[in-house]
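Residue numbers (the numbering used here), protein chains in the order written: chain Z, 6 to 152; chain V, 6 to 152; chain G, 6 to 152.
There may be inaccurate statements among the hints.
[What the hints assert, rightly or not] Here are the simulated distance ranges between beta carbons:
1. G/E101 to Z/S118: 32 to 40 Å
2. Z/S118 to G/L90: 27 to 35 Å
3. V/E89 to G/S118: 39 to 47 Å
4. V/E89 to Z/D65: 19 to 27 Å
[Claimed, not checked] Straight-line C-alpha distance at most 25 Å; calculated DSS-like pairs for lysine-lysine:
5. V/K64 to G/K82
6. Z/K82 to G/K142
7. V/K68 to Z/K124
8. V/K88 to Z/K63
9. G/K64 to V/K68
10. G/K63 to Z/K109
11. Z/K91 to G/K124
12. G/K82 to V/K123
13. V/K142 to Z/K142
14. V/K63 to G/K91
15. V/K123 to G/K88
16. Z/K123 to Z/K109
17. Z/K88 to G/K123
18. Z/K109 to Z/K63
19. Z/K124 to V/K123
20. G/K124 to G/K63
21. G/K124 to G/K64
[As the list claims (entries may be wrong)] Interface residues of chain Z toward chain G, partial, derived using beta-carbon atoms under 7 Å:
22. V38
23. A43
24. S45
25. L73
26. E75
27. G80
28. E89
29. L90
30. P93
31. K147
32. I148
33. L150
No lab work stands behind these hints, which were simulated from the structure alone. For every residue, glycine included, the Cβ atom is placed at its ideal position computed from N, Cα and C.
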Amino acid sequence: MNFNKNIGEGNLAEKMCITVMSGSIDRLIGMAVLTSAAVSMDMEVEIFLQLWGVYAFKKDVIKQNMNLSEFNELGEKVASRLKELKIPPWYEMLREAKETGRVKIYACSAAASIWNVKKEDLEFVDEIIGAGEWIEKMSDAKINLFI
Amino acid sequence: MNFNKNIGEGNLAEKMCITVMSGSIDRLIGMAVLTSAAVSMDMEVEIFLQLWGVYAFKKDVIKQNMNLSEFNELGEKVASRLKELKIPPWYEMLREAKETGRVKIYACSAAASIWNVKKEDLEFVDEIIGAGEWIEKMSDAKINLFI
Amino acid sequence: MNFNKNIGEGNLAEKMCITVMSGSIDRLIGMAVLTSAAVSMDMEVEIFLQLWGVYAFKKDVIKQNMNLSEFNELGEKVASRLKELKIPPWYEMLREAKETGRVKIYACSAAASIWNVKKEDLEFVDEIIGAGEWIEKMSDAKINLFI
């Protein structure tokens, strides 16, 4: 469970843990950019989905979701720039990062109950775990973020 | 002030610090779930309330507050599921976690001035402190999160 | 690049890194208060602007921006209290913190492209960098926060 065992002190960071409460695509873009950058630096990334995070990873939601956490009035402008610049959607960035084998994604068991979903109903999710297990994982991380 | 003095290296995490800017109940639920899990793993938790955090802990607000940070249109659905699953409100989770004696809650002095409140006007708050003191507390933590 | 080299173990925290996704002034106030407190404790602070963060630091936006991330209905009340208490706007707090020389502000290169801005179009920004470089900076930090 501990990825870091063989990484000596003074090496570049070992593990980043991101707790994802938000299901808004602006914050998910930020999460995907940081995840993608971290794996390209040979870090491990672990992600824990809470309430809206689980919702946003539902197979029937993930591609349709256009929710922004702020500045709704600028959403169209940003969307058209993302298209012009050929920046892929957050879930494509995450898919690519996951292909390295260095990204693990967990859904919170309580949040999974709220949405009444199983692992199979969620994209990218490796396991459904309790918050206690997540605390243990965060304790090992060099970088912790809450999105 | 340093809870960690006697905890050797390699032990499970010692202290989690959560800076609570948000006063929205979705994010407060996430905070309460993590706090509750952390104390059950024998961690200490320290919480610092900023602007909306102080507002949400006001005795005349805490139980009435229904604000969500995102996905307002799904609020009713989530509320009814929480009820069905008998998941207690965030402040009840926090009350229980606090009974372990391992949770300390601070309100930012500047934010307390903005709301014109004293410690007695706020639920669960142990002390009103300045941001400098909070920085010092965060420096000791194994896990830092900003909600 | 590593500010911490000469700071021995056991000393007060060395560096705080804040990833700023949000462009809302409530969350930016929280960021500025923590930054200001950290430099007053002799810490270094590094800030990385993502999507809305870059937007909020645009020279043609920074002073006009009144966006709140939540509780819009309380915005006027808070604004008038801030004025009464003579609490300066977040960007003035940041300007003062930056004068100590212990605050570095970076804009994410992808976000800068989205807004089609250069360093000169942004207030306070020292450099435009990629997310990989930011991961490296976060790895060195004692405190990491995502706003």
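Status of each hint after checking the structure:
The hinted window of 32 to 40 Å between G/E101 and Z/S118 is violated, with their beta carbons roughly 48 Å apart. The beta-carbon spacing between Z/S118 and G/L90, approximately 44 Å, falls outside the hinted interval of 27 to 35 Å. Range check, V/E89 to G/S118: Cβ separation about 46 Å, and the 39 to 47 Å hint holds. Under the hint 19 to 27 Å, the C-beta atoms of V/E89 and Z/D65, about 21 Å apart, fit the expected range.
Distance check on the hinted pair: V/K64 and G/K82 sit about 19 Å apart at the alpha-carbon level, within 25 Å; holds. Restraint check for Z/K82 and G/K142: the C-alpha separation of about 31 Å exceeds 25 Å, so the hint is violated. At most 25 Å may separate the alpha-carbon atoms for a hinted pair to count; V/K68 and Z/K124 exceed this at roughly 33 Å. Using a Cα cut-off of 25 Å, the hinted pair V/K88 and Z/K63 holds, with the two alpha carbons roughly 22 Å apart.
Between G/K64 and V/K68 the CA atoms are separated by roughly 41 Å; this puts the pair beyond 25 Å, and the hint is violated. Under the criterion of a C-alpha separation no larger than 25 Å, the hint pairing G/K63 with Z/K109 is inconsistent with the structure, at around 36 Å. Taken as a hint, the Z/K91 and G/K124 pair is honoured in the structure, with Cα atoms around 22 Å apart against an allowance of 25 Å. Of the pairs offered as hints, the one joining G/K82 and V/K123 holds, with about 18 Å between alpha carbons and a cut-off of 25 Å not exceeded.
For a cut-off of 25 Å, the pair hint linking V/K142 to Z/K142 stands: about 21 Å separates their Cα positions. Using a Cα cut-off of 25 Å, the hinted pair V/K63 and G/K91 holds, with the two alpha carbons roughly 23 Å apart. This hinted pair checks out: V/K123 and G/K88 have alpha carbons roughly 20 Å apart, not beyond 25 Å. Of the supplied pair hints, the one linking Z/K123 and Z/K109 holds, its CA atoms being roughly 17 Å apart against a limit of 25 Å.
Distance restraint check for Z/K88 and G/K123: the Cα-Cα separation of roughly 20 Å lies within the 25 Å cut-off, and the hinted pair is therefore satisfied. Of the supplied pair hints, the one linking Z/K109 and Z/K63 holds, its CA atoms being roughly 16 Å apart against a limit of 25 Å. For the hint linking Z/K124 to V/K123, the alpha-carbon distance of about 46 Å lies beyond 25 Å, and the restraint is violated. Among the hinted pairs, G/K124 with G/K63 is consistent with the structure: their alpha-carbon atoms are about 9 Å apart, no more than 25 Å.
Taking the CA atoms of G/K124 and G/K64, the gap is near 10 Å; set against the 25 Å cutoff, the hint holds. Given hint, Z/V38 at the interface with chain G, holds; its Cβ is 5 Å from that chain's nearest Cβ, closer than 7 Å. For Z/A43, the interface hint holds, the least distance from its beta-carbon to any beta-carbon of chain G being 5 Å, beneath 7 Å. Among the interface hints, the one on Z/S45 holds; its C-beta lies about 6 Å from the nearest C-beta in chain G, closer than the 7 Å criterion.
Hint status for Z/L73: violated, given a least beta-carbon distance of 9 Å to chain G, over 7 Å. The closest approach between the C-beta of Z/E75 and any C-beta of chain G is roughly 5 Å, which is under the 7 Å cut-off, so the hint is satisfied. Of the supplied interface hints, the one on Z/G80 is violated, with its beta-carbon coming no nearer than about 11 Å to a beta-carbon of chain G, more than 7 Å. The restraint placing Z/E89 at the interface with chain G is violated, with a minimum CB-CB distance near 9 Å, outside the 7 Å limit.
With a least beta-carbon distance of about 6 Å to chain G, the hint placing Z/L90 at the interface is held under the 7 Å criterion. This hint is violated: Z/P93 has a C-beta 11 Å from the nearest C-beta of chain G, more than the 7 Å allowed. Annotation: Z/K147 was flagged as interfacial toward chain G, and the flag holds, the nearest CB pair being 6 Å apart, inside 7 Å. Annotation: interface hint on Z/I148 holds; nearest CB of chain G at approximately 5 Å, less than 7 Å.
Using the Cβ-Cβ criterion of 7 Å, the hint placing Z/L150 at the interface with chain G is satisfied: the shortest such distance is roughly 4 Å.
In this structure, the earlier hints numbered 1, 2, 6, 7, 9, 10, 19, 25, 27, 28 and 30 are contradicted, and the remaining ones agree with it.
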